[in-house]
Amino acid sequence: DAGITQSPRHKVTETGTPVTLRCHQTENHRYMYWYRQDPGHGLRLIHYSYGVKDTDKGEVSDGYSVSRSKTEDFLLTLESATSSQTSVYFCAITRGTASTDTQYFGPGTRLTVL
Amino acid sequence: GESVGLHLPTLSVQEGDNSIINCAYSNSASDYFIWYKQESGKGPQFIIDIRSNMDKRQGQRVTVLLNKTVKHLSLQIAATQPGDSAVYFCAEIFSGYSTLTFGKGTMLLVSP
Chain A
1 DAGITQSPRH
11 KVTETGTPVT
21 LRCHQTENHR
31 YMYWYRQDPG
41 HGLRLIHYSY
51 GVKDTDKGEV
61 SDGYSVSRSK
71 TEDFLLTLES
81 ATSSQTSVYF
91 CAITRGTAST
101 DTQYFGPGTR
111 LTVL
Chain B
115 GESVGLHLPT
125 LSVQEGDNSI
135 INCAYSNSAS
145 DYFIWYKQES
155 GKGPQFIIDI
165 RSNMDKRQGQ
175 RVTVLLNKTV
185 KHLSLQIAAT
195 QPGDSAVYFC
205 AEIFSGYSTL
215 TFGKGTMLLV
225 SP
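Protein chains in written order, with my numbering: chain A, 1 to 114; chain B, 115 to 226.
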């Protein structure tokens, strides 16, 4: 899994509660990404980061925020979870120095919002 | 929970057969393409990539073919094994942007 860990691996929460997912990498990569994966939609980019405190929105960023206060951690927060955010969330990194290099993925977090 | 494999086109083959998985990409300006394999309950795993200045690239038991004229990418797996059963999807990158665009995937089922 390219030195990437995600926590928690599984979470069940209730609508309206805040949720934070953590992505941790051990190889000092500059670029980190958060995706969600849903049947019929494939992988969709939520947010990405190109350095500490440098982040940008992806295709499906509404309802999500991110933070990157240190190189190794990229946090995804759902401020007030909704049932439509039930999904599998993947973190990815780029090993190269360019954002257009191959992305490598973590093991995923399965989130269920009741 | 619902599997990512639902709603996907499926290719069923016998062990030992060669498999061909196809992908149509969307952006004629894309200049880098990647194939990923995703097993149930796991994250996508890099298989092979190809730049747009190439039309073929070979790896171990896998070959990727790129036809830019019709915006088509294929992944050929030789001597398919049960362990190859997974969802396969392609991704394209246009170097003018910083993100990948992923296809929805094909499920490969290999029978012993």
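In case anyone wonders, no lab produced these hints; they're calculated from the structure.
Treat the hints with care, since some could be wrong.
As the list claims (entries may be wrong) - In silico BS3-like cross-links for lysine-lysine, where the CA-CA straight-line distance does not exceed 25 Å:
| # | chain 1 | residue 1 | chain 2 | residue 2 |
| --- | --- | --- | --- | --- |
| 1 | B | K218 | A | K57 |
| 2 | A | K70 | A | K53 |
| 3 | B | K218 | B | K170 |
| 4 | B | K182 | B | K218 |
| 5 | A | K57 | A | K11 |
| 6 | B | K156 | A | K11 |
Going down the list of hints, with the structure as the test:
no., hint, result
1, K218(B) <-> K57(A), "holds, 21 Å"
2, K70(A) <-> K53(A), "holds, 8 Å"
3, K218(B) <-> K170(B), "holds, 22 Å"
4, K182(B) <-> K218(B), "holds, 20 Å"
5, K57(A) <-> K11(A), "holds, 24 Å"
6, K156(B) <-> K11(A), "holds, 16 Å"
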